[in-house]
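All chains should be built: construct the whole structure from the sequences, respecting the hints.
There are 2 protein chains.
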Amino acid sequence: MGRFVVHLLDKHIKSKVQYDMANLTKNTFSADLIRQAKFFKALSHPARLSILQYLAETKTCITGDIADELPLSRTTVNQHLKELKEVGLIVGTVEGVKTNYCLNTQAIKDFKTSAISFLGDLNIDTINCKK
Amino acid sequence: MGRFVVHLLDKHIKSKVQYDMANLTKNTFSADLIRQAKFFKALSHPARLSILQYLAETKTCITGDIADELPLSRTTVNQHLKELKEVGLIVGTVEGVKTNYCLNTQAIKDFKTSAISFLGDLNIDTINCKK
DNA sequence: TTTTTATGACGTAAATTTACGTCATAAAAA
DNA sequence: TTTTTATGACGTAAATTTACGTCATAAAAA
Numbered sequence: 141m142g143r144f145v146v147h148l149l150d151k152h153i154k155s156k157v158q159y160d161m162a163n164l165t166k167n168t169f170s171a172d173l174i175r176q177a178k179f180f181k182a183l184s185h186p187a188r189l190s191i192l193q194y195l196a197e198t199k200t201c202i203t204g205d206i207a208d209e210l211p212l213s214r215t216t217v218n219q220h221l222k223e224l225k226e227v228g229l230i231v232g233t234v235e236g237v238k239t240n241y242c243l244n245t246q247a248i249k250d251f252k253t254s255a256i257s258f259l260g261d262l263n264i265d266t267i268n269c270k271k
Numbered sequence: 141m142g143r144f145v146v147h148l149l150d151k152h153i154k155s156k157v158q159y160d161m162a163n164l165t166k167n168t169f170s171a172d173l174i175r176q177a178k179f180f181k182a183l184s185h186p187a188r189l190s191i192l193q194y195l196a197e198t199k200t201c202i203t204g205d206i207a208d209e210l211p212l213s214r215t216t217v218n219q220h221l222k223e224l225k226e227v228g229l230i231v232g233t234v235e236g237v238k239t240n241y242c243l244n245t246q247a248i249k250d251f252k253t254s255a256i257s258f259l260g261d262l263n264i265d266t267i268n269c270k271k
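As they're listed, the protein sequences go chains R and Z. The first sequence stops at residue 271 when you use my numbering, and every number in between is there. The second sequence stops at residue 271 when you use my numbering, and every number in between is there.
Be aware that a few hints might be false.
Just so you know, same-sequence chains aren't split out, so a pair can sit in one copy or run between any two.
Once the Cα atoms are required to be at most 25 Å apart in a straight line, the calculated BS3-like pairs of lysine-lysine come out as [as the list claims (entries may be wrong)]:
# : residue 1 : residue 2
1 : LYS181    : LYS238
2 : LYS238    : LYS225
3 : LYS252    : LYS225
Just so you know, the hints here were simulated from the structure itself, not pulled from any lab data.
This is how it looks when you write it as structure tokens:
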């Protein structure tokens, strides 16, 4: 199907086609898997795990002085906060000059549930690897 | 401490120093968090999730024809298999020309446990974000 | 009103990841 | 013995991530 498209186009726009092809193949993974992977990805950096832990400890919704707690510059921490926000695990509320970040407890619960489900499905005890 | 080192060195090797500094700061995250993040990272790509699911379905330990199931080239799939193997979630056993891959059920269980623990610690219901 | 202060947008270098192709190799099959 | 076949090592281009610095801006504080 992707192949068909290629035949209709000439070489000048080949790079564009290859790009589209790349997307086509990428899209072959189910939306569900991609979604699942995205959440795992959000948790794939110690800084982001650290941020989540910090937000859980300081129950009050705390501003960007989280940066002072981490061995990273403020802008870098900000970047990580943004990623967590984009995936919905935390929420940021502007309050004057400051921004209060806090955990989205529900989102975390939901992710926990789906992660458990995914990992649970893998645990089939009939697998005997080293026979 | 890192700062101290910098003062002793001259500019010529500044880039090296910055590299070391980077490592120093990186090491400030606890080994535990780094480990945790590594596992999440292993699951941060749909191809790798897909591989795990495939291995769970085809209970028998199956060879690299996993590649035929995925929208990726054999070498790319091999790369993903390698990553899963490095983090210990799967095991590869050479059998003649072929290599049998299979799930490391115990490792998956262990990861599941630690992930649940990590995510559970974040779920403190006293957090009220939007007051 | 002027000065701080906290923030995020923007740009960027370096590192890492992703996706592939090519090759050499070891072992099955012919 | 020669030919296939499956695999992983290696190299590489393109994309993405990571870490930071600089700047403009909006709102507190002085």
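TODO: Identify every previously stated hint that the structure contradicts and give their numbers, smallest first.
DONE: 1
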